[in-house]
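Position chain F relative to chain C; hints supplied.
Chains as they are written, first to last, in the working numbering: chain C, -9 to 200; chain F, 41 to 656.
Where hints are given, some of them may not hold.
[Stated by the list, open to error] Calculated from the model, a selection of chain F residues having no Cβ within reach of chain C, i.e. all distances over 10 Å:
(1) 98
(2) 164
(3) 205
(4) 223
(5) 269
(6) 339
(7) 466
(8) 567
[Stated by the list, open to error] Far from chain F, by Cβ distances over 12 Å, these chain C residues were calculated:
(9) 4
(10) 11
(11) 21
(12) 27
(13) 36
(14) 50
(15) 54
(16) 87
(17) 97
(18) 134
(19) 159
(20) 185
(21) 193
[Claimed, not checked] Just some of the chain C residues that point at chain F, by a computed CB distance under 8 Å:
(22) 154
(23) 157
(24) 160
(25) 180
(26) 183
(27) 186
The hints are simulated quantities; they were obtained by calculation from the structure and are not laboratory data.
The beta carbon of each residue, even a glycine, is placed where N, CA and C say it ideally should be.
Now for the letters of each chain:
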Amino acid sequence: MLPSTFEDYLEAILTITEKGGQPATLDEIAAALDTGKEAAGTTVSSLVEEGYLERAGGDAVRLTGKGSSVASQVARKHRVLQCFLTEMLGVDEDAASKEACTLEHGISDETIERLSSYMDGAQSPPGRLGRCRGHDVCTLLDCKEGDTVRVAMMRGHRRHRRLLDLGIFPGEIVQIRRKLPNDSVVVRVKGCDIAISPEIARSIVVESCP
Amino acid sequence: MKFALIGNPSVGKSLIFNQLTGLGVEVSNYPGTTVELQRGNTCFQREIIELVDLPGVYSLEGNSDEEGLVRRFLEQQDVDAVIVVANVTRLERNLYLLLQVAEYGLPMVVVLNMADEAAKRGLEVDPGPIHDLLGVEVILTAASQGKNIDRIIPAALAASSPSMVEIPYDHHIEAAVRSLGKMFAADRKESVRALLGFGDNPEQLEAARTISDEIESRHRMTVAQIIAANRHNFAHKIADLTIKEETELPQTDPDSILTRLIPGMPILIGILVGMLLFVFVAGSFLEGMIVEFFEVYAMQPFVALGLPPLAEELGVSILLALQAGLGIAFPYVFLFYIIISVLEDSGYMTRAAFLADNAMHRVGMHGGAVIPLTLAFGCNVPAIMSIRLLRSRRERIIASFLVTMVPCSARTVIIAGIVASFVGIGAAFSVYAIVFVLILVTGLVLSRVTPGERFGMIMEMVPLRWPDPKLVMKKAWSRLSEFLFIAMPLLLAGSVVLGLLEFFGVMAVFEEIVEPYTMALLGLPGYSATALTFGILRKEMAFETLAILAGTADLGAVLSSLQLYIFAVVTVLFVPCLATITVLLREVGSRITLAITIYTVALGLLIGSLLFYLLG
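Isolated chain C, as found in the complex:
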């Protein structure tokens, strides 16, 4: 088993490369892990030596096959743990994320499997719709035209009172009617079409409809 620092690095690099599709630079890695660039450089070099990472021009690196399987395993553990902490135990989201970061390295694959299937069977308490169960948190912006999704959570709700009044609230099912290349979206809810700016659409967390 790898030291937990290494796992954290691989997980961070996975998140960075998934987001942009580009290799992760040393700056990005250092920022993601909240550490110095030099320290990051040393760890990355040893990960390259071990064959988990490969160089991709400049100081940028990307995951090898071996690296990415470890990284996605860790990421999944993180997700399941965070899900359990927030949804089942009601821990605050930020705190849950930090906690999950510590727990993910010590927990066995089997326990994670069991925890995951336990949550799939359990009824989530009302108001906490299973938003991270098995899939990543996605927002309205990640949906395609024609998708039908359920609103799971809204960030910054105090500013967007009008969304509630127009019928967009956690639990409601909406259909994406139009999505422009600049990310403005039109959703259909309660038979009405509502146009939403990208910055607001980004704050609406959704899950795909059963």
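Structure of chain F alone, referenced to chain C:
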């Protein structure tokens, strides 16, 4: 008797209001806001009934100006009954507002409008469940055909008791309502509103906040979200009972054309340019006619009277003001408002705003701002009047700055008449380029520094429909008369003051005083300052005055190309005209108007002197 009409935007409320009231509609601004309130009278069985058309809102608890106004209006309980108008084809969402209004406990009547459209879509509407659940009269109408409209007033007169409906809330909310009720002897409505943060008893609000924080931490949803969800779910139930059959007919969806980037964007640009060209051509033609008419039938006969010089000067000033006012009012304000009303009532405006949203974000506004900015190319006056379309004060401030900088048709006359004909076409385009760059920079800067919260767009795409010609004309007419009432007195006063200054030779003294400065700063002779000053009255007058003062229409002979170019640039940027200032005062208040005036003057002088030093 006094009744109020309330409903979501574009449910046909204005149309019903229009059919119920005849003449004597009075549009007034609610004190301290730019939100309009229409009042009208109707006669029923020899009794005069006052009707108030409240602005369309989605909720009584939002934070927009309109929602605040409707909320305050209902809190005053100053009406005998409210008439809630709902669009029956979008019943579920409309019922949400209806339930909120019902909670206020005023006698009410429910009007389910657009029954014709519902029938077309194969919806079967049964007003029974709403009647039973809310205990109020329900009328099914089709305002576009005038069907059942005559039943509204008798029903409102008969409505005496408020709706007794109780929305089933989540049990935590119910418990909170009960305990708040006990603690402060508040009724259900008051307690619910206290939980949402409304009310005027600080102790009660404090207690409600503590309770709602507790509920929030348990539910991981805010109280506002829970209450909204409860209301929506109740609305959903009622809608299910009311709408019997829903056979979704295959409809052609115009939005598949209008809201896609292609061909939506070219259509939007086409409509904007077309609108501009139309008003440009038709407007300047009409304006020319009005100005000419004044010249021939008023100005010349008046001058021919041979009155004493002071009286003549005064008379000419008044005529000039009338000419300027009417020359803007009919061709521009009226034509623009016809077009705007068509765009608004047809529902296209929301599509345009959706498409333009991202571009407008860069300069700190949302998509709706594309309309005033385009209008401004024709005339700044209706453009400023239309910044009401924007929601926040922040956006209105930014828009008013940018709109006053857009070269309107009068300024185009200057650019064409001075720069294009005496300096060259390329130079004329460069004036536009300078102005556009300045507008863009101003927008970018303002979007950073203007205080106020940034609101993204959350906007309902209202259904597309044919606008009602009568309503369109009425709206345009009301805007026209509004403009005449506010702008005319100021125009008259300004013109008379300028005329008198000229008459008593103050202008000549002024010219002498400023000559050294204008020469040093802009390289322009003193009389150009007079021309600039007259440009405040009507922008084209800067050109005309310059020609008169220079003593020749061939300006190229007396002024160098650079001088003409600088004069044009300064005039184009310099203070908006008097008519624009008057509408600015009304829409954004004196402080912002002053700021805009100072900014534009400073910008004009700065750019003018920069050009003088760089090119001279």
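Outcome of the hint check:
1. With a least CB separation of 4 Å from chain C, residue 98 (chain F) falls inside the 10 Å interface cut-off, contrary to its annotation.
2. No Cβ of chain C approaches the Cβ of residue 164 (chain F) within 10 Å, the least distance being about 16 Å, so the stated non-interface status holds.
3. Every CB of chain C is more than 10 Å from the CB of residue 205 (chain F) (nearest about 19 Å), matching its label as outside the interface.
4. Distance to chain C confirms residue 223 (chain F) as a non-interface residue, since its nearest Cβ pair spans about 25 Å, more than 10 Å.
5. With 10 Å as the threshold on Cβ separation, the claim that residue 269 (chain F) sits away from chain C is violated: the shortest Cβ distance comes to roughly 5 Å.
6. Consistency note on residue 339 (chain F): stated as away from chain C, and its beta-carbon is indeed over 10 Å from all of that chain's, at 51 Å minimum.
7. For residue 466 (chain F), the shortest C-beta to C-beta distance to chain C comes to about 34 Å, beyond the 10 Å cut-off, and the non-interface label holds.
8. At roughly 51 Å, the least C-beta separation between residue 567 (chain F) and chain C is larger than 10 Å, which holds for a residue marked as non-interface.
9. In this structure residue 4 (chain C) is separated from chain F by more than 12 Å, as the shortest Cβ-Cβ distance comes to about 28 Å.
10. No Cβ of chain F approaches the Cβ of residue 11 (chain C) within 12 Å, the least distance being about 22 Å, so the stated non-interface status holds.
11. No Cβ of chain F approaches the Cβ of residue 21 (chain C) within 12 Å, the least distance being about 25 Å, so the stated non-interface status holds.
12. Distance check for residue 27 (chain C) against chain F: the nearest CB is about 31 Å away, which clears 12 Å, and the non-interface claim stands.
13. No beta-carbon of chain F is positioned within 12 Å of the beta-carbon of residue 36 (chain C); the least distance is around 42 Å.
14. No Cβ of chain F approaches the Cβ of residue 50 (chain C) within 12 Å, the least distance being about 31 Å, so the stated non-interface status holds.
15. The non-interface label for residue 54 (chain C) is consistent with chain F: the shortest C-beta to C-beta separation is roughly 39 Å, beyond 12 Å.
16. Taking the minimum C-beta to C-beta distance to chain F, about 16 Å, the non-interface status of residue 87 (chain C) holds against the 12 Å cut.
17. Here residue 97 (chain C) stays apart from chain F, with its beta-carbon at least about 25 Å from theirs, past the 12 Å limit.
18. No Cβ of chain F approaches the Cβ of residue 134 (chain C) within 12 Å, the least distance being about 14 Å, so the stated non-interface status holds.
19. Distance to chain F contradicts residue 159 (chain C) as a non-interface residue, since its nearest Cβ pair spans about 5 Å, not more than 12 Å.
20. Non-interface status of residue 185 (chain C) relative to chain F is broken: a Cβ of that chain comes within 12 Å, the nearest being about 4 Å off.
21. For residue 193 (chain C), the shortest C-beta to C-beta distance to chain F comes to about 9 Å, within the 12 Å cut-off, and the non-interface label is violated.
22. For residue 154 (chain C), the interface hint holds, the least distance from its beta-carbon to any beta-carbon of chain F being 4 Å, beneath 8 Å.
23. Hint status for residue 157 (chain C): holds, given a least beta-carbon distance of 5 Å to chain F, under 8 Å.
24. For residue 160 (chain C), the suggested interface contact is upheld, since its CB lies about 6 Å from the closest CB of chain F, less than 8 Å.
25. Checking residue 180 (chain C) against chain F: minimum C-beta separation of about 5 Å stays under 8 Å; hint holds.
26. For residue 183 (chain C), the interface hint holds, the least distance from its beta-carbon to any beta-carbon of chain F being 4 Å, beneath 8 Å.
27. Interface restraint check: residue 186 (chain C) against chain F, minimum CB-CB distance 6 Å, threshold 8 Å, status holds.
Hint violations for this structure: numbers 1, 5, 19, 20, 21, all remaining hints satisfied.
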